[in-house]
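**Q** Sequence:
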Amino acid sequence: MTDDKAPHRLRLTGGARLVGDRVAVSAMVFRGPVHLSTEEVFLSVDDASVLQAQLTRALDERSFPGLEQRDRDKARMRHGF
Numbered sequence: 009m010t011d012d013k014a015p016h017r018l019r020l021t022g023g024a025r026l027v028g029d030r031v032a033v034s035a036m037v038f039r040g041p042v043h044l045s046t047e048e049v050f051l052s053v054d055d056a057s058v059l060q061a062q063l064t065r066a067l068d069e070r071s072f073p074g075l076e077q078r079d080r081d082k083a084r085m086r087h088g089f
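Residue numbers (my numbering): 9 to 89.
Among the hints, erroneous ones may be present.
Distance ranges between label pairs, derived from CB positions [stated by the list, open to error]:
hint, residue 1, residue 2, range
1, VAL58, GLY28, 11 to 21 Å
2, MET85, ARG65, 35 to 45 Å
3, HIS16, GLY88, 44 to 54 Å
4, ASP68, ARG19, 43 to 53 Å
5, THR21, LYS82, 38 to 48 Å
6, MET85, THR46, 49 to 59 Å
Derived by calculation from the structure, the hints in this document are not laboratory data. By construction, the Cβ of each residue, glycine as well, lies at the ideal position given by its N, Cα and C atoms.
Given these sequences and hints, build the entire structure.
**A** Structure, rendered in structure tokens:
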């Protein structure tokens, strides 16, 4: 893959902080190994909450493979379907 076709990736440069009613996150933007810019992204509190839940779920699945499926199976057995 050439650098022009390399996907963009982000590297967080600082923590998230509350700015008014938004959450601000700073990140460096790269294409391949090349640093393109440093950007500050603002998320609504609702979007930040959804992102937190999705990240937690993805990291839990990575740490405990199959945990979500086991939970679904237990719920099915408990409710009989």
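**Q** Run every hint past the structure and note whether it holds.
**A** Results for each hint:
1. VAL58 - GLY28: 11 to 21 Å: Since the Cβ atoms of VAL58 and GLY28 sit about 19 Å apart, the hinted range of 11 to 21 Å holds.
2. MET85 - ARG65: 35 to 45 Å: Given range 35 to 45 Å: violated, Cβ gap about 22 Å.
3. HIS16 - GLY88: 44 to 54 Å: 47 Å, holds
4. ASP68 - ARG19: 43 to 53 Å: 23 Å, violated
5. THR21 - LYS82: 38 to 48 Å: 41 Å, holds
6. MET85 - THR46: 49 to 59 Å: The hint (49 to 59 Å, Cβ to Cβ) holds, given that MET85 and THR46 are roughly 50 Å apart.
Of the numbered hints given earlier, the model fails hints 2, 4; all others are met.
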